[in-house]
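Student: What follows is the residue order along each chain.
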Amino acid sequence: MNPRFKPGDAVTVRRAYPPGHLRTPHYIRGHHGIVERVCGSFANPEELAFGRNGLPALPLYRVRFTQRQVWPDYAGADGDTVDIEIYEHWLERV
Amino acid sequence: MHEDHPHDHAPDHDGPLSDYQLMEIAVRELLLEKRILTADEIRRAVEAMDARSPALGARVVARAWTDPAFKSRLLANGTAACEELGIEMAATKLVVVESTPEVHNLVVCTLCSCYPRMLLGLPPDWYKSRAYRARAVREPRAVLREFGTELPDGVTVRVHDSTADMRYLVLPLRPAGTEGWSEERLAGLVTRDSMVGVSVPAAA
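The listed protein sequences correspond, in order, to chains A and B.
Be aware that the first sequence starts at 19, since it is given in the working numbering, and climbs by one per residue.
Be aware that the second sequence starts at 147, since it is given in the working numbering, and climbs by one per residue.
Honestly, the hints are just simulated from the structure, not real lab data.
One or more hints might be untrue.
[Said to hold, decoys possible] In silico DSSO-like cross-links for lysine-lysine, where the CA-CA straight-line distance does not exceed 30 Å: (1) Lys274/B to Lys239/B; (2) Lys239/B to Lys217/B; (3) Lys24/A to Lys217/B; (4) Lys24/A to Lys239/B.
[As the list claims (entries may be wrong)] Examples of chain A residues lying across from chain B (beta carbon under 10 Å, computed): (5) Leu40; (6) Arg41; (7) Thr42; (8) Ala61; (9) Glu65; (10) Leu73; (11) Arg82; (12) Asp96; (13) Gly97; (14) Asp98; (15) Ile104; (16) Tyr105.
All residues carry an ideal CB built from backbone N, CA and C; glycine is no exception.
With the sequences and hints as input, model every part of the structure.
Tutor: Dropping the structure here:
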């Protein structure tokens, strides 16, 4: 699959809570971030966890979030960030 | 303590096996019984795992500190650059994040315990603890202080949550006062914790 997003794109993490084996941490769902890099394409872990082949491989991104936005009472500096690896089907364009 | 047996024994901790331990034994015995693996192959794999230590990562860091061209290759493609040094990377996709006077990097896996084992060996227990995994993203500066790491004002903290297929190594800032040091001597300063980002190397 060709990646839908490129570095610098503004994205939102889907606010969804399906059952199963998920690699998108709860704490980041619903938040906005900026694509830091495209990591390549990887078999879908949500499928692999159930013994399926996880194909087609999905683009995986590193997305950078501002800590202040993720945790409203964040005690660090304004510029602090958290980078998280997120598969394409969890991301929407802002 | 008995008179003719005058030393203490450490208590055994051989409690009942956990579900995961039982599962591991069951799977291992099946793999042997079905001749998919031999006991010797399993032993060799465990031995190879145990042989990996942070000394591998330290070599990579010291090379990057002394060879700017290597450093650029390392930041562009961590896996390929480590393979250049003869380090076996298997399927590991390595991302190297560089700390600078302005940016400090910290690595965590909030979901489990993903760790660059090919370069650092097995993760320490604290890295796998729920406390570290939850707090490293929520209050990284407090966690750093508990590890004795005080960052100067104005330094940005960048946390990397290792949630999927990448593995992370921090390239720490080369300590002041190490000008002209050999690669080997520099490698001696690079600790496991500094490559996870909970501490910074210092020239003692």
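Student: Take the hints in turn and mark each one as holding or not.
Tutor: Okay, the hints, checked on the actual structure:
1. Lys274/B to Lys239/B: With Cα atoms ~20 Å apart, lysine 274/B and lysine 239/B stay inside 30 Å; holds.
2. Lys239/B to Lys217/B: At roughly 17 Å apart (the allowed maximum being 30 Å), lysine 217/B and lysine 239/B satisfy the hint.
3. Lys24/A to Lys217/B: Distance of about 24 Å is within 30 Å: holds.
4. Lys24/A to Lys239/B: holds, 19 Å
5. Leu40: Since the shortest Cβ distance to chain B is 9 Å, the answer is holds.
6. Arg41: OK, holds: arginine 41/A within 10 Å of chain B, min 5 Å.
7. Thr42: holds, 7 Å
8. Ala61: Constraint on alanine 61/A satisfied, holds at 9 Å.
9. Glu65: violated, 14 Å
10. Leu73: Leucine 73/A check fails; min Cβ-Cβ to chain B is 15 Å, beyond 10 Å.
11. Arg82: holds, 8 Å
12. Asp96: Because about 9 Å separates aspartate 96/A from the closest Cβ in chain B, which is inside the 10 Å limit, the hint holds.
13. Gly97: Since the shortest Cβ distance to chain B is 4 Å, the answer is holds.
14. Asp98: holds, 5 Å
15. Ile104: Where the cut-off is 10 Å and the nearest Cβ of chain B is about 7 Å from isoleucine 104/A, the hint holds.
16. Tyr105: holds, 7 Å
Checked against the numbered hints given earlier, this structure breaks hints 9 and 10; the rest are met.
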